[in-house]
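Now for the letters of each chain:
There are 2 protein chains.
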Amino acid sequence: MTMYTPPIEDMQFLLFDVFDVERDWQRAGLDIDRMMVTGLLDECGKLATNVMAPLSQSSDKEGAHWDQGTVTAPTGFSGAFAEIQSGGWIGMCGNPDFGGQGMPRVLGTCVDEMFWAANSNLWLYGSLTSGATYCIDAHATEELKETYLPSMYEGRWTGAMALTEPHAGTDLGLLRTKAKKQLDGSYKLNGTKIFITSGEHDLADNIIHLVLARVEGAPAGTRGISLFLVPKFLPDDDSSLTIRNGFRSASIEHKMGIRGSATSVINYEDAVGYLVGSENSGLRHMFTMMNFARLSVGVQGLGLSAKAYQLASTYTKERVQGRAPSGPKQPDDSADAIIEHPDVRRMLLTQRAFVEGGRALSVLVSSYLDKSIFATDESEQQQNFRLVELLTPLAKAFMSDRGLEVASLAQQCFGGAGYIQETGIEQVVRDVRITQIYEGTNGIQALDFIGRKVLMDGAQTLRDFIQELLSFDMSDPFKEKVSCALSDLVELTDWLLEHAATNPDLSGSVSVEFLDYCGYITYAALWARMAATDDSRFQKSLIANFYFDKILPRTGSLRQSIMAGSESVMKPESDWF
Amino acid sequence: MTMYTPPIEDMQFLLFDVFDVERDWQRAGLDIDRMMVTGLLDECGKLATNVMAPLSQSSDKEGAHWDQGTVTAPTGFSGAFAEIQSGGWIGMCGNPDFGGQGMPRVLGTCVDEMFWAANSNLWLYGSLTSGATYCIDAHATEELKETYLPSMYEGRWTGAMALTEPHAGTDLGLLRTKAKKQLDGSYKLNGTKIFITSGEHDLADNIIHLVLARVEGAPAGTRGISLFLVPKFLPDDDSSLTIRNGFRSASIEHKMGIRGSATSVINYEDAVGYLVGSENSGLRHMFTMMNFARLSVGVQGLGLSAKAYQLASTYTKERVQGRAPSGPKQPDDSADAIIEHPDVRRMLLTQRAFVEGGRALSVLVSSYLDKSIFATDESEQQQNFRLVELLTPLAKAFMSDRGLEVASLAQQCFGGAGYIQETGIEQVVRDVRITQIYEGTNGIQALDFIGRKVLMDGAQTLRDFIQELLSFDMSDPFKEKVSCALSDLVELTDWLLEHAATNPDLSGSVSVEFLDYCGYITYAALWARMAATDDSRFQKSLIANFYFDKILPRTGSLRQSIMAGSESVMKPESDWF
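Chains A and B are the protein sequences, given in the same order.
Going by the working numbering, the letters in the first sequence line up with residues 68 to 644, in that order.
Going by the working numbering, the letters in the second sequence line up with residues 68 to 644, in that order.
Keep in mind that the hints were calculated from the coordinates and are not lab data.
Hints may be right or wrong, so weigh each one.
Claimed, not checked - Cross-link-like lysine-lysine pairs, in silico, BS3-like; alpha carbons within 25 angstroms at most:
#  : chain 1 : residue 1 : chain 2 : residue 2
1  : B       : Lys212    : B       : Lys255
2  : B       : Lys245    : B       : Lys255
3  : A       : Lys247    : A       : Lys212
4  : B       : Lys128    : B       : Lys113
5  : B       : Lys128    : A       : Lys128
6  : B       : Lys128    : A       : Lys638
7  : A       : Lys638    : B       : Lys255
8  : B       : Lys248    : A       : Lys638
9  : A       : Lys396    : A       : Lys384
10 : B       : Lys245    : B       : Lys212
11 : A       : Lys245    : A       : Lys255
12 : A       : Lys548    : B       : Lys128
13 : A       : Lys248    : A       : Lys212
14 : B       : Lys212    : B       : Lys247
15 : B       : Lys212    : B       : Lys248
16 : B       : Lys384    : A       : Lys638
17 : A       : Lys255    : A       : Lys212
18 : B       : Lys638    : A       : Lys384
19 : A       : Lys245    : A       : Lys212
20 : B       : Lys255    : A       : Lys396
21 : A       : Lys113    : A       : Lys128
22 : B       : Lys396    : B       : Lys384
23 : A       : Lys546    : B       : Lys638
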C-alpha cells in the first residue's frame, strides 16, 4: 500500500507567504480566511490519505470492469466516492446560485493535487465533473443550469467529456457524430466516441456527457461543431431518473496505467441532447471545459510526482548500500543509507525542484484564474484571463513532462525494487504517463502555446508575463540570473517572431523546445521568489541553489536547438522515414 | 500483434561499409565472409520476425507462471525457444574447443539486437546463457568446461546469474550466502538470492546458476566472495540428469514489464556448487559475465527502441489529422498524415538518431571486443580490452537511457492510442524501462565510468578513445564540430581530474551528466562517420544534420551543470529530504 502525506504546509506557504492570495480575496470581497483554508486543506488531506490512497494499488491491480455495457469501478471506490460527494469537494468552486460553494480556484487546485496524488484512478470519476459544470455554467440556458448544476455540484451526478472519435482526435474538424433537431428543441445524437473517461460507471446516479457533434447541414470542419449536454438518464418533471438515454458503453480500454479508471467507447443511438450555447460554436464552448481540464492534468502530473518523491525519499533514507564517498555516515551499520550517495541526492533534488516548482506554478496560474473571475476591475479580469490562457498549455505540458521525469527518477532511486509492482512506484510511472497524452498531447499544447498564445498577439501577453516575473520579490544571485534568462527569452521571442513570419514550418519545428525553455525560466523565477520569501523554515534556498546550478542550464541547449530552426526537421521526405 | 522488421541492411552498412570488420577478421585469420554474414543475419531476422515477435504481446498479457516452485514460461515460448536452440544461436560466439562456433562478437551483438527487439520476454530465457559460458570458459576448470559448455552452447542448458540478495544489491560486499567446502572438493551453498532472471523455468533441461557466496572463514566485504557453478540437476557419470540439486524458486516477481520473463527468488539449501576460479576472487570472475551482460542490456535498450521507432513511423504515415503548416500534402484526403507535422518529424528524427547512433556504438564496442580476443598482437588485444572496459558502462547506460527516451517519444507519436495495450507501444515502454535498472543501475554505470574507467588511470584510456574518434573518416562541417566537442571534452576531463583529487563528492555528483556528455559526443562522431561513409543510399546525412542541429546542443547544458560541481548536491542534510 503506497502511503501519501498531504503537502499542506507547503501549500500554505505558497498561498499565504509567497503569493498572498488572502489580499486578492479581501480585495474581491470574498469571505475566506486563513483558518478556514487550513481547516479545508486538513479535511482534504485526511480524505486523500485515509480513504483514497489506500485504494490506489488495489484499484490498479483489479482494474475497472465491463459487462454487457455495465461498467463497475474497482472494489472500494463506491464507498470512497461517497465520501468525496458528501464532503462537497466537487462543487467547492461552483456557482453559489446553483448550489456551488464559490471558493477560489486556487483552493480547488490544492484539493485537486491531493486527490490526484492520493488516487488518480478514483479521482478520474469525479474530476471532470468540475470542468463540465464550468462549461454548463458559462454557456448553457438557465433551465439546463437549474436542472443539472445542483446535482453535479453534489457529485451525485458526474460529468464526462465526449470529443474524440476513432478518426478524429487532435483534429476535431473531422468529427462525424450527428445531431438532428427535434420539434421540442432538443436534438437526437448518433455516432461513436472513444476515450471517454468516466463516460459510464456505477459511482453516480447520473452521468452528464458534454458531446461535440455536427448539426445536420452544418459547415464542414471546426466551424460546424456544436456542443450538447447528453445525460445518461433524462430527469422527468419530478426529477426522478427513470428514462435511460440512448447511449451505451461498447467496451472499456485496457491501458498502460490508470487502470482503475474506466475509459469507454460510447455509442450514441438517438441519444437526446440539449444544445449548450449556440449552434456551430461548440468548439469554443468546449474550451471552457478543456482549459480547466488541461490545468488539472498538469496538476495531476504534479500530484503524482509529489507522491513519487515521497516514496523515493523514504526509501533512500531506509535502504543501506555502500559508503558515502567522503567516508562512512553510519559507521556502526554495515553500510550507509543510499541518500548519502551524491547521485541519489542529485535525483532527489531534481525531483523536489520540479515538484515544488510545479506546485508554485499551479498556485500562480490558479491565482490569475481567480483574479480573472473575482477582480473588481474588468480590464484586470481580462488581463488575468490572458495570462491564464497563455499559461494553461505551458502548465499542462511542462508539469506533466516533468511529472514523468520525476516519477522515473523516483523509480530509479529504488533500483531493482522499483520495477516490482509491490513497491508502488512503477504504478506512479504508468499512471503519470497519461498526463502527457490526454486533454491534447503535449505536442499539441506546445503548438497552442507558441502559435495561438505567443506569436499570434506579437508576444504581447508573453511580455506581460515576463514583466510579472520581473516584478517578483527576488534576491541576488538568483534575481540577476532570472533577469538574464528573461532577457534571453525576449531576444529569442523576437527572433521567432521575425523568422516565423516567413517560415511556416518554424514554430512547429521548435514548439516543444520553446515551451520547455519558457517552463524552465518560469520555474527559475518561482524558485527565486520562494527562496526570497522563505523564513529559513523550509530552507527553500537549498533547492533554489540546486535548480540554478543544475537545472536552469538546460535552457542553453534548448535555445541552441531552437535557433537551429526547421531545416533539418523538414528536409527528409515523408517516405524516407 | 506488434510486427518487427530486422534492420539487416543497416547492420551490413555498419559492419562492412562503416567499420570494415571484414579487414579485422582477415587479419585475425577468421574464415568468415560477407556472404556468410548475410545468410546468418537473414536467418536470424526470420526467426526474430516470424517466430519470436508474434509471441511478444501475448506473453506480456499472460505473464510467467509459478506453482509450488515450478515455473512455466508463457504459451508458445517452448516451441519458439526450441527454434533458438536448434538454430545454434546461443553458442554462436562460444569456444570451438567445447562446441561453440567461434563467431565474432560483433555478429553476436547484431543477433542480440534482433532477438531483444523481437521479444525481450523470450530472449531473457536464453541471453544470459552466453554470458555464463564466457565466464565458465574464462575461469572454470577443464572438467567443468567439458561437462557444462557443450550443452550450454546448444541452449539445452541455460544460464542464470545469482548475485543479488534482499539486503545486498549494488553493495555485493554485504552478501551472506554461505558456501562450505566438502570432502570431494565441491561446496554446499545456503542462502537466498533475489531478482534471478530465468533462475527457474521449463524451457531447458538444466539451468546453470553462477552464484556468488562466501566461503566459511572468508574475509568480510567484497574480498571474501567466491563464484560457484550450481546446476539445477547434477549430471551423473553417464550425463543423465536425475539428481535434483538443492535449490527452488520461492516465488516470481510481478513486474512493470518483461512480464513473460520469470524473475525468481531462489532459496539454496545445501545446494551443491563447484568453485569457478579461485576462492575469494568471485567478484572479479563474475565481471566477465557481467560485462557481457551490461553490453547486452545496452543492446536490449537499442533493440526495443528500434522496434518502437518502427511502430511510430508506420503509425505516423497512416494516421491522418490536421494539415501540414506549409499547406496540404494530401489535398484529396480529409487531412494529412501526421508525419507531415514538424513536431512529429522532430520526434521521429530524434528516435532515429538514437537508434542508428546506438547501433553504431554497439558495433564499435563489439568490434573492439573482437580485437581484444582475436588480435594477433597482445598489446593490441590489451589496448582494445581497455577500450571495451571504458565503453561498457557507457554503452549500457547511454543506450538504455536513450532507449526509454525513444520508446516514450514513439508512444507520444501515437497520441491516445499509445496508452492502450492493444497498440503494443506501451509494452515497449514498460519493457525497456528495466534496461536502466538491471545489471547495475545506470547510476552505478556512471560511477563506474567516471571513477574506475576515466579518473582512475588519469583519463589515459579516455584520451585513447578520443584519438580513435578523431581518426574517424569524417567531413566538414561535422568533422569540425566533432573536433570542437572533443577538445571541450578533454578540457572538462582535465578540470574533473584536478578537482576530484581534492573533492571526494565531485565525481558522484556529476557522474550521470558526465556519462551523458561523453555519450552525446560519441554519437556525434559516429554520425559524422556514418554520413561520410554513406553512398547516398541511406541518406545518413539527413539524420546527421538533425543530430548536430538538435541533439548535440545538449552537451552545452551538461557541461555547465557538471562545472557547477557538488556543492548544491551535498549541502542539504539527509534528514532535510
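Non-conforming hints, listed in increasing numerical order: 6, 7, 8, 12, 20
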